[in-house]
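Engineer: The numbering of the sequence shown is my numbering, which starts it at 3 and goes up by one.
Hints are computed from structural coordinates only; laboratory data are not their basis.
It cannot be assumed that every hint is accurate.
If you anchor each label on the Cβ, the simulated ranges turn out as follows [claimed, not checked]:
no., residue 1, residue 2, range
1, A16, A169, 32 to 38 angstroms
2, A113, T86, 17 to 23 angstroms
3, A31, R56, 22 to 28 angstroms
4, I121, R97, 31 to 37 angstroms
In this text the structure is predicted, and so the values were computed from the model without any measurement.
The C-beta atom is built at its ideal place from N, Cα and C for all residues, glycine as well.
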Amino acid sequence: MTDEAQRGGRPRDARVDAAILAATRRLLADVGYGALTMDLVAAHANVGKAAIYRRYAGKQDLVFAAAVHGRTLDPPPDSGDLRTDLRWLVGGVARSLSSPATRAAVPALIADITADDDIADRFLRTFVAEERAYVETILDRAARRGDLRTPADAEVVHSLVLGSIFARIYLLRRPADKAYQHEVTDLLTAMLQPR
3 MTDEAQRGGR
13 PRDARVDAAI
23 LAATRRLLAD
33 VGYGALTMDL
43 VAAHANVGKA
53 AIYRRYAGKQ
63 DLVFAAAVHG
73 RTLDPPPDSG
83 DLRTDLRWLV
93 GGVARSLSSP
103 ATRAAVPALI
113 ADITADDDIA
123 DRFLRTFVAE
133 ERAYVETILD
143 RAARRGDLRT
153 PADAEVVHSL
163 VLGSIFARIY
173 LLRRPADKAY
183 QHEVTDLLTA
193 MLQPR
């Protein structure tokens with residue numbers, strides 16, 4: 003039995019869900035996190051504010067869902083080559099962190115994550131855990147092929163990818179373009195592969 007059926011309410015409308023998230027992404031890019039309000043999202047999504055609050059406890063949850071949680075990578079393809087697999091990973095992280103909505107939300111979400119254990123836990127369980135699982139898949143495949151110098155810790159490799167892209171975009175304020183992605187990929191490959 004679904005949550006809606008147990009509560010006796012009508013099922014959620016996927017079109018309303020999509021409209022709320024799309025409006026939130028547009029508004030994050032247009033007005034930024036600080037100016038984003040539930041009233042503004044409701045007006046732009048053409049829904050009542052109650053429809054938003056039935057789905058999200060507050061602004062942080064809504065922004066997290068729109069800018070971070072909904073931005074996932076597809077499962078990693080098995081190219082048979084460590085460099086190609088790492089290039090896929092680095093490119094996916096760069097695209098995810100470079101979207102206008104994510105760029106508008108991440109600085110404030112980082113502040114919220116450091117101040118609120120519940121938000122930090124949700125962020126780790128969804129966005130970070132999924133990416134890290136993909137890193138584990140890539141490294142496991144490479145190990146089976148004999149492409150790794152020594153066993154590699156997925157958390158460390160993921161931190162190197164995420165940290166380098168994050169620093170490039172948010173601290174250095176430069177694009178994580180294809181040339182940068184290839185440089186990161188080449189350095190990671192050199193660190194991981196046998197000499």
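Engineer: Name the hints, by number, that the structure is in violation of.
Structural biologist: Hints 2 and 4 are the ones this structure does not satisfy, whereas the remaining hints hold.
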